[in-house]
Amino acid sequence: MDFDFVTLKFLIFLGFLSFASIQDVKSRYISDKIWIIAGIVFIPILLFEIFTGRFAFFETIISAVLAIAIAFYLSKIGFLGGADVLALVLLAIYMPTLQNKEIFGLPIISVIANASIFSLTTVFVNFSRNVSRLMQKRNIFYGFEVEPMHRKILAVFLGYRSEEVKGLFLPMEIVENGRRRFNFGARSSSDFVRGNDIWVTPALPFIVYITAGYIFLFLIGDMLHLFKSLLF
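Sequential numbering of the sequence shown, starting at 1, is according to the working numbering.
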């Protein structure tokens with residue numbers, strides 16, 4: 001496949017992913033119109049690929065089926081939102097192959113893997129921040145004495161106690177019967193934190209990680225393949 005044409009397709013879909021990411025970060029909502037327009041834009045590209053013999057029919061079918069199956073499962077367990085599912089399915093159809101940069105043979109699998117790895121960076125940042133404060137003898141669990149140890153451990157990975165909240169964060173605590181308790185279920189923009197000295201979790205939407213994983217795959221490759229190369 002001609003590299004310039006692949007680059008053009010990459011840039012076009014990157015535009016839609018970037019716009020969706022910005023909208024989701026600002027409002028925790030992605031308009032379906034973004035993906036409708038993306039589908040409309042894809043039609044002439046698809047026709048061009050078919051008439052020039054570039055269309056990878058078998059790879060597209062396999063890619064789409066896998067994307068639907070994986071995205072549906074991840075949405076059922078609450079890991080993805082509806083807009084994320086649409087983005088992955090469209091991406092699977094839009095870019096079924098990508099010059100052997102993907103370890104599993106299909107870009108959609110590599111994008112999901114890359115995005116998942118990127119999302120884990122938040123966990124490591126939270127953990128490092130909390131461990132650092134504990135080593136400084138700071139009582140990050142003050143006021144949460146009633147919480148069991150397993151929930152405190154979970155909180156260490158999912159968020160941190162912020163003395164001054166800046167940016168987009170979701171609260172990771174509620175008050176029940178006058179006691180502060182951890183809450184791991186906040187999701188909507190109306191829940192954005194307003195206050196200080198509160199446990200928070202970063203509110204970066206998964207579509208941002210999908211976009212990052214997509215860019216990384218195109219420019220560098222599959223993270224799992226890179227890890228495999230380093231280890232073996």
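To be clear, the hints were calculated from the coordinates, so they are not data collected in a lab. There could be a bad hint or two in this list.
Here are the simulated lysine-lysine pairs, BS3-like style, with alpha carbons at most 27 Å apart [as the list claims (entries may be wrong)]:
hint, residue 1, residue 2
1, K137, K152
2, K9, K33
3, K33, K76
4, K76, K26
Evaluation of the provided hints:
no.: 1; hint: K137 / K152; result: holds, 16 Å
no.: 2; hint: K9 / K33; result: holds, 19 Å
no.: 3; hint: K33 / K76; result: holds, 23 Å
no.: 4; hint: K76 / K26; result: holds, 25 Å
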